[in-house]
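Residue numbers (the numbering used here), protein chains in the order written: chain A, 1 to 372; chain B, 1 to 372; chain C, 1 to 328; chain D, 1 to 328.
Simulated from the structure, these hints should not be mistaken for lab results.
The reader is advised that the hints may include incorrect statements.
Stated by the list, open to error - With a straight-line cut-off of 20 Å between C-alpha atoms, the simulated DMTMM-like cross-links for lysine to aspartate or glutamate are:
no. : chain 1 : residue 1 : chain 2 : residue 2
1   : D       : 34        : A       : 153
2   : C       : 34        : C       : 20
3   : B       : 39        : B       : 321
4   : A       : 289       : A       : 275
5   : D       : 225       : D       : 282
6   : C       : 47        : C       : 23
7   : C       : 24        : C       : 166
8   : D       : 34        : A       : 283
9   : A       : 39        : A       : 318
10  : D       : 256       : D       : 323
11  : D       : 34        : A       : 284
12  : C       : 47        : C       : 20
13  : C       : 34        : B       : 359
14  : A       : 39        : A       : 275
15  : C       : 34        : B       : 275
16  : B       : 289       : B       : 104
17  : C       : 24        : C       : 51
18  : C       : 24        : A       : 153
19  : D       : 47        : D       : 22
20  : B       : 39        : B       : 320
21  : D       : 47        : A       : 275
22  : D       : 47        : A       : 211
23  : C       : 256       : C       : 246
24  : C       : 47        : B       : 153
25  : C       : 34        : B       : 284
26  : D       : 34        : D       : 48
27  : D       : 24        : D       : 52
28  : C       : 256       : C       : 233
29  : D       : 24        : D       : 185
30  : C       : 24        : C       : 52
31  : A       : 39        : A       : 25
32  : D       : 34        : A       : 25
33  : D       : 256       : D       : 308
34  : B       : 39        : B       : 126
35  : D       : 24        : B       : 153
36  : C       : 225       : C       : 246
37  : C       : 34        : B       : 321
38  : D       : 225       : D       : 246
39  : A       : 39        : A       : 304
Remember, predicted model here, so these are calculated numbers, not experimental data.
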Amino acid sequence: MTLHGHVPPEPDLVQLLTPEGVRVDHPDFPLEITDDEIKSLYRDLALVRRFDGEATALQRQGELGLWASCLGQEAAQVGAGRALRSQDMAFPTYREHGVAWCRDVDPVTLLGMFRGVSLGGWNPNENNFNLYTIVLGAQTLHAVGYAMGVARDGAVGTGEPERDTAVLTFFGDGASSQGDVNEAFIWAAAANLPVVFYCQNNQWAISEPVERQSRVPLFQRASGFGFPGIRIDGNDVLACLAVSRVALDEARSGQGPTLIEAFTYRMGAHTTSDDPTRYRLSEELETWKHRDPIERVRAYLIREAGVAQEFFDGIEAESEELAIRIRQACRALEDPSPLSVFDQVYVEITDELAEQRSDYADYLASFEGAGR
Amino acid sequence: MTLHGHVPPEPDLVQLLTPEGVRVDHPDFPLEITDDEIKSLYRDLALVRRFDGEATALQRQGELGLWASCLGQEAAQVGAGRALRSQDMAFPTYREHGVAWCRDVDPVTLLGMFRGVSLGGWNPNENNFNLYTIVLGAQTLHAVGYAMGVARDGAVGTGEPERDTAVLTFFGDGASSQGDVNEAFIWAAAANLPVVFYCQNNQWAISEPVERQSRVPLFQRASGFGFPGIRIDGNDVLACLAVSRVALDEARSGQGPTLIEAFTYRMGAHTTSDDPTRYRLSEELETWKHRDPIERVRAYLIREAGVAQEFFDGIEAESEELAIRIRQACRALEDPSPLSVFDQVYVEITDELAEQRSDYADYLASFEGAGR
Amino acid sequence: MASTLTMAAALNAALRERLEADDKVLIMGMDVGKLGGVFRITDGLQKDFGEDRVIDAPLGESGIIGSAVGLAIRGYRPVCEIQFDGFVYPAFDQIVSQVAKIHNRSLGQVRMPITIRIPYGGGIGAVEHHSESPEAYFAHTAGLKVVTCSNPADAFSMLRQSIASDDPVVFFEPKRRYWGKGEVDVTGLLADAPQLHRARVVRSGADATLVAYGPMVATALQAAKAATEDGRDLEVIDLRSLSPIDTGTVVSSVQKTGRLVVVHEASVTLGMGAEIAARVQERAFYSLEAPVLRVGGFDTPYPASRVEEEWLPDVDRILDAVDRTFSF
Amino acid sequence: MASTLTMAAALNAALRERLEADDKVLIMGMDVGKLGGVFRITDGLQKDFGEDRVIDAPLGESGIIGSAVGLAIRGYRPVCEIQFDGFVYPAFDQIVSQVAKIHNRSLGQVRMPITIRIPYGGGIGAVEHHSESPEAYFAHTAGLKVVTCSNPADAFSMLRQSIASDDPVVFFEPKRRYWGKGEVDVTGLLADAPQLHRARVVRSGADATLVAYGPMVATALQAAKAATEDGRDLEVIDLRSLSPIDTGTVVSSVQKTGRLVVVHEASVTLGMGAEIAARVQERAFYSLEAPVLRVGGFDTPYPASRVEEEWLPDVDRILDAVDRTFSF
Ligand SMILES: Cc1ncc(C[n+]2csc(CCOP(=O)(O)OP(=O)(O)O)c2C)c(N)n1
Ligand SMILES: Cc1ncc(C[n+]2csc(CCOP(=O)(O)OP(=O)(O)O)c2C)c(N)n1
Ligand SMILES: [Mg+2]
Ligand SMILES: [Mg+2]
């Protein structure tokens, strides 16, 4: 035998709505969903895209320091986000604005972080949506720890729908190479924790194509650690919703972790600081535009569900309002006071920090009236 | 479908010599080996065990600060060690005394490290055997980097037996949970590097049974990263040799990495500081004694190869000589001089360190004659 | 009620007391369960509190600290054991970028009541990575608190206080003092213990001040005793808290004695002694009759054990520095 | 032949020169290939030297440094890019326990000629982890050398020297100065460059000394200029090497001026200023007319960018400290 003879089969890509907007059935993942529910998903997708686009615009106008757009990944995020129950906990990276939306985190709060008025500033336990984590992969271990707590709290496998809790953690194709992500897999598998690992494979880690990280599909990693992995069409909100639901259900019922690889595409730059023309061909983007996550839902709603134009006009108007609101609110965000940097370093300020604070206050006061 | 329905099959354990000393064929791993070669392997195993036992004794006598015995793992180490070609490079943990033996590293050099006269002190490039690495898993990344160098040097896939080079790196079942080991897998797979990952699953990481690290066999990890993994009877020196040879050959010829899980048992304590009675049952050890890696070779040589007692007596005598030599040489190892700590921190000593050195020399000199 | 305990037993008692007092307290680390840790500090705890409160972790330090962060977000109070000083670095990222910063990142809305116990320091004849003193890395990191004990009574009260602290605390345990004995009031109330972040004058003296912490306090006290033979009366301060530093106690002492020697095992450059020297020369400039001197490990990797006694500060090297401060 | 280059271009030129001079030199990091790095420091190098010399690495910092170690054992000379200061910590273990110690562990038989380039410091309006100054962690680590440049000419020569060094060098690049221009002799011989570990007096003055490095040198020079309006003549030293430290140059200056202010962006506690203060008060005790003062980041996490200008040392805060040294 040669050790290297085996060729793994090409992976299935779970899809429930084609790029053309045609509903298809998947034998393993039936999804019962009404057209009203699909309309609601459409609304999420459209508003997230609008909010995200507005943020990019605000950055261009100098209102934000940076923006990491989720353009193209709305379905992957909304599908997962809407599969969560309120007691579930989500651990995002820095790009899950669509999930934040589903968790009712005010977009303006997110903007505050990219504007630089805070380093995050929301309470993870308020909406069960953790702070954005910029260090790649670190949050996957936080999710594991949180899930250990869930298990210890007896909130797994009770059968009570309001009680059983799952943890959903996000990471990118690039981040999958970080040690932390792999340690998270190991811990989750060894203790059979209620965590769903949700990898948005958007094909790129800044300028590096996913082939730099792996020569086999990423979902396959899971099987090596002893839990299921599955690849889904990350531009198909229905597939994302359906598979996330199953995985979260299985987590809540005590069956342990799952890895979902949402196969999608970063349609924009990595962040507003990035220039993707340096490293990728525009044809690639063109191909993916045909798989746009929102267009297919729109096509479905028009063609198969007979939804009238008024609905879309309504969403359009709502988007416009949202954009105006966040633009204004973003501009109104106040800069933190210089002395605020000393607050919340510790639960109670230490003597030495209090001294630094007061020295600095005196120093600042010395300029008052001095026409600085 | 449920995501968690799939039950993986029980793994095969490649075995070519049963615990009773009977040669068995494996369809995929034929091994052509003469009885003389098996006698030579027996000699390795016996001498390594003797040397290791002597080191344990030296520790008890206060000559070493610590010893990490490889008792029970001799076959896993000698099989792998003897599969190496001279140009191949090995990256050990702290327990691969059997591999060191095969690489002609003087056992006394190893003892020096455990005695505390040095932190290692040998030249990795002299015998193509890296320094022992105590930080779990760190060396697997060093192996990857070395293999990148091998590939860049064009020493892969040329078909020249003296030139094509493989890298063999060791780690334990416990270390498999470290981020570094997983990053090493990722790098090796992504760049198709000539590295063989050799996991000695000795069932324990100090007091933690391997189940704390994984709920599926460790060899399975490899498939998730896209390269072959295989489990072998780590107490069968022939299986270890045969499979290591294939894996190293495939690495040298450019087919990329392999993970070998040598299923074995740590028959002694973790180190001389450890007390395994606190955490494991003596029955377990009894079971494994029946699978002793040396006994089976001896049984084979006597029963199937008709080797006479003189051979064993000869090895016994050689062992005794070895033990005497290393005991004496160990006792004769000189303590480093106090001032030596400043040497070899940098290739050329820095001014500030030279100053510390000279101040300290003056300080030490101040005691001379002062009857300290 | 005072009993005589080793430091190891005192730490064990503190953990036990916290596990009993607060069911959100969890212990996690390598070999902390059946084995009771390689130093037996968690001995018997898993048996009494169960495998889900005293958790044998998979072998990744980043995993231990990273999951502690998640547990803290869920409302738990994890106590993590790092097996030896030299093995904390794989967790450095989680400690520095997450544990230390999340409370701040959330504008105070999430707390990180995590205790990271690290047996540290040398002098035990160990192999590489088992004798290091990495405290300065953590004391330089805003958002962390860093403390270390020098005796069983402090071990008991300071570990309890650290676990009860709502801020993350890196708790350094001087491993070579684990088996030293002392009186410990195991029934003392948490509230009655001396403040966690206050230094303590452990010997008062008039002529010069020695500042030490952890394993070096005993050595400093021996040096002070020996110095009496030279007619010198040394004050010895046990710093106890490395972040924040109780600068006031040190400065007051120097204002009295005029001379200061700081002692630690860690390499001198950018060790705690650097910070103390910098603060003291600033705040007691006119009181200093000699520069602040530092006695520490040399600026080399921790050496092979057969030469560690020479590398580590000892009574003679401390006295030599004291002599030098008197020659100014 | 001198040309006017930005610091970014000077660094790029240094990398190019080294890649040409020595085929054992490799560049590795995230996005260093086609993109040329997020700061374009490696712009064009992959195109000219190939994908196996300018390597886009998988996204793990530990992997980058760990594999550099293996490459070094094989005889290579890797130059690793860490994308931003705050992302070096996942590699901390490999840096501190392997890169820094292997030469020593082998008794000098293996060398670790690894250069770790880290864009560092703040003032660029970035999000968290993109503005930190972690230099003290590395300067406290024996076995590493740590340097930082403040201008294009030094960027060019110091990076070449670092890559040519047989010891590991952590090379800190002041990212907010990347686009500042200066004269660079790109044809200069490596051997003619000023010694890598020597500080430089960049402005001589009589009344007080400012020590700065990296991004703060320009700020210190501005402060010195402003101080002339108050009739004060400040000497400014660019430290350049953070490990080893050229203590002699600083001490000589203080012997002349009697006053010293150390400036850096990193948090004050256990920052480089602590070490310099400790050394100077020891070696220039009788020359000091005032305590050594430190101006640095506060002991808090690097703040949100809208308040970073207040947090970072600036001309006013430096002048305030200078004033204070004159009030002693
Ligand atoms: C530990 C660490 N190293 C480097 C970075 C810089 N960085 C930010 S995003 C990014 C690429 C991440 O790619 P991927 O995980 O695929 O996520 P995506 O940005 O595509 O959503 C890098 C390298 C970081 N944030 N953290
Ligand atoms: C990073 C790190 N953490 C902790 C340790 C302490 N330690 C030494 S050996 C060991 C167990 C290792 O088990 P395994 O990998 O199975 O190897 P074995 O000792 O069984 O050969 C531990 C935890 C270490 N050496 N390095
Ligand atoms: Mg990506
Ligand atoms: Mg093991």
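Structure-based check of each hint:
1. Using a Cα cut-off of 20 Å, the hinted pair residue 34(D) and residue 153(A) is violated, with the two alpha carbons roughly 49 Å apart.
2. The straight-line distance between the Cα atoms of residue 34(C) and residue 20(C) is roughly 19 Å, inside the 20 Å bound, and the hint therefore holds.
3. Proposed proximity of residue 39(B) and residue 321(B) is supported: the alpha carbons are some 19 Å apart, at most 20 Å.
4. Distance check on the hinted pair: residue 289(A) and residue 275(A) sit about 18 Å apart at the alpha-carbon level, within 20 Å; holds.
5. A distance of roughly 29 Å separates the Cα atoms of residue 225(D) and residue 282(D); the hinted pair therefore is violated under the 20 Å criterion.
6. Distance restraint check for residue 47(C) and residue 23(C): the Cα-Cα separation of roughly 16 Å lies within the 20 Å cut-off, and the hinted pair is therefore satisfied.
7. For the given pair, residue 24(C) sits about 12 Å from residue 166(C) by alpha-carbon distance, which is consistent with the 20 Å threshold.
8. In summary, the hint linking residue 34(D) to residue 283(A) is supported, as the alpha carbons are separated by about 18 Å, within the 20 Å threshold.
9. Using a Cα cut-off of 20 Å, the hinted pair residue 39(A) and residue 318(A) holds, with the two alpha carbons roughly 14 Å apart.
10. Among the hinted pairs, residue 256(D) with residue 323(D) is consistent with the structure: their alpha-carbon atoms are about 18 Å apart, no more than 20 Å.
11. Proposed proximity of residue 34(D) and residue 284(A) is supported: the alpha carbons are some 17 Å apart, at most 20 Å.
12. Between residue 47(C) and residue 20(C) the CA atoms are separated by roughly 13 Å; this keeps the pair inside 20 Å, and the hint holds.
13. Annotation: proposed proximity of residue 34(C) to residue 359(B) is violated, straight-line Cα distance about 48 Å (limit 20 Å).
14. For the hint linking residue 39(A) to residue 275(A), the alpha-carbon distance of about 34 Å lies beyond 20 Å, and the restraint is violated.
15. With a C-alpha separation of about 11 Å, the suggested pair residue 34(C) and residue 275(B) falls inside the 20 Å cut-off, and the hint holds.
16. Straight-line distance between C-alpha atoms of residue 289(B) and residue 104(B) comes to about 28 Å, which puts the hinted pair past the 20 Å bound.
17. Between the alpha carbons of residue 24(C) and residue 51(C) the distance comes to roughly 14 Å, so the proposed pair stays at or under 20 Å and holds.
18. Distance check on the hinted pair: residue 24(C) and residue 153(A) sit about 10 Å apart at the alpha-carbon level, within 20 Å; holds.
19. A C-alpha spacing of about 17 Å is found between residue 47(D) and residue 22(D), which places the hinted pair at or below 20 Å, so the restraint holds.
20. Taking the CA atoms of residue 39(B) and residue 320(B), the gap is about 18 Å. The hint holds against a cut of 20 Å.
21. At most 20 Å may separate the alpha-carbon atoms for a hinted pair to count; residue 47(D) and residue 275(A) meet this at roughly 18 Å.
22. In summary, the hint linking residue 47(D) to residue 211(A) is supported, as the alpha carbons are separated by about 19 Å, within the 20 Å threshold.
23. Taking the CA atoms of residue 256(C) and residue 246(C), the gap is near 16 Å; set against the 20 Å cutoff, the hint holds.
24. With a C-alpha separation of about 55 Å, the suggested pairing of residue 47(C) with residue 153(B) is violated against the 20 Å cut-off.
25. Annotation: proposed proximity of residue 34(C) to residue 284(B) holds, straight-line Cα distance about 17 Å (limit 20 Å).
26. Restraint check for residue 34(D) and residue 48(D): the C-alpha separation of about 11 Å stays at or below 20 Å, so the hint holds.
27. A C-alpha spacing of about 11 Å is found between residue 24(D) and residue 52(D), which places the hinted pair at or below 20 Å, so the restraint holds.
28. For the proposed pair residue 256(C) and residue 233(C), the alpha carbon gap of about 12 Å is at most 20 Å, so the pair holds.
29. Simply put, residue 24(D) and residue 185(D) have alpha-carbon atoms about 24 Å apart, too far for the 20 Å limit, and the pair is violated.
30. Of the pairs offered as hints, the one joining residue 24(C) and residue 52(C) holds, with about 11 Å between alpha carbons and a cut-off of 20 Å not exceeded.
31. At roughly 19 Å between alpha-carbon atoms, residue 39(A) and residue 25(A) fall within 20 Å of each other, so this suggested pair holds.
32. Taking the CA atoms of residue 34(D) and residue 25(A), the gap is near 41 Å; set against the 20 Å cutoff, the hint is violated.
33. The suggested pairing of residue 256(D) with residue 308(D) is violated, with an alpha-carbon distance near 34 Å, which exceeds 20 Å.
34. Simply put, residue 39(B) and residue 126(B) have alpha-carbon atoms about 27 Å apart, too far for the 20 Å limit, and the pair is violated.
35. Distance restraint check for residue 24(D) and residue 153(B): the Cα-Cα separation of roughly 10 Å lies within the 20 Å cut-off, and the hinted pair is therefore satisfied.
36. For the given pair, residue 225(C) sits about 24 Å from residue 246(C) by alpha-carbon distance, which is inconsistent with the 20 Å threshold.
37. Using a Cα cut-off of 20 Å, the hinted pair residue 34(C) and residue 321(B) is violated, with the two alpha carbons roughly 41 Å apart.
38. At most 20 Å may separate the alpha-carbon atoms for a hinted pair to count; residue 225(D) and residue 246(D) exceed this at roughly 24 Å.
39. A distance of roughly 12 Å separates the Cα atoms of residue 39(A) and residue 304(A); the hinted pair therefore holds under the 20 Å criterion.
Checked against the numbered hints above, the structure breaks hints 1, 5, 13, 14, 16, 24, 29, 32, 33, 34, 36, 37 and 38 and satisfies the rest.
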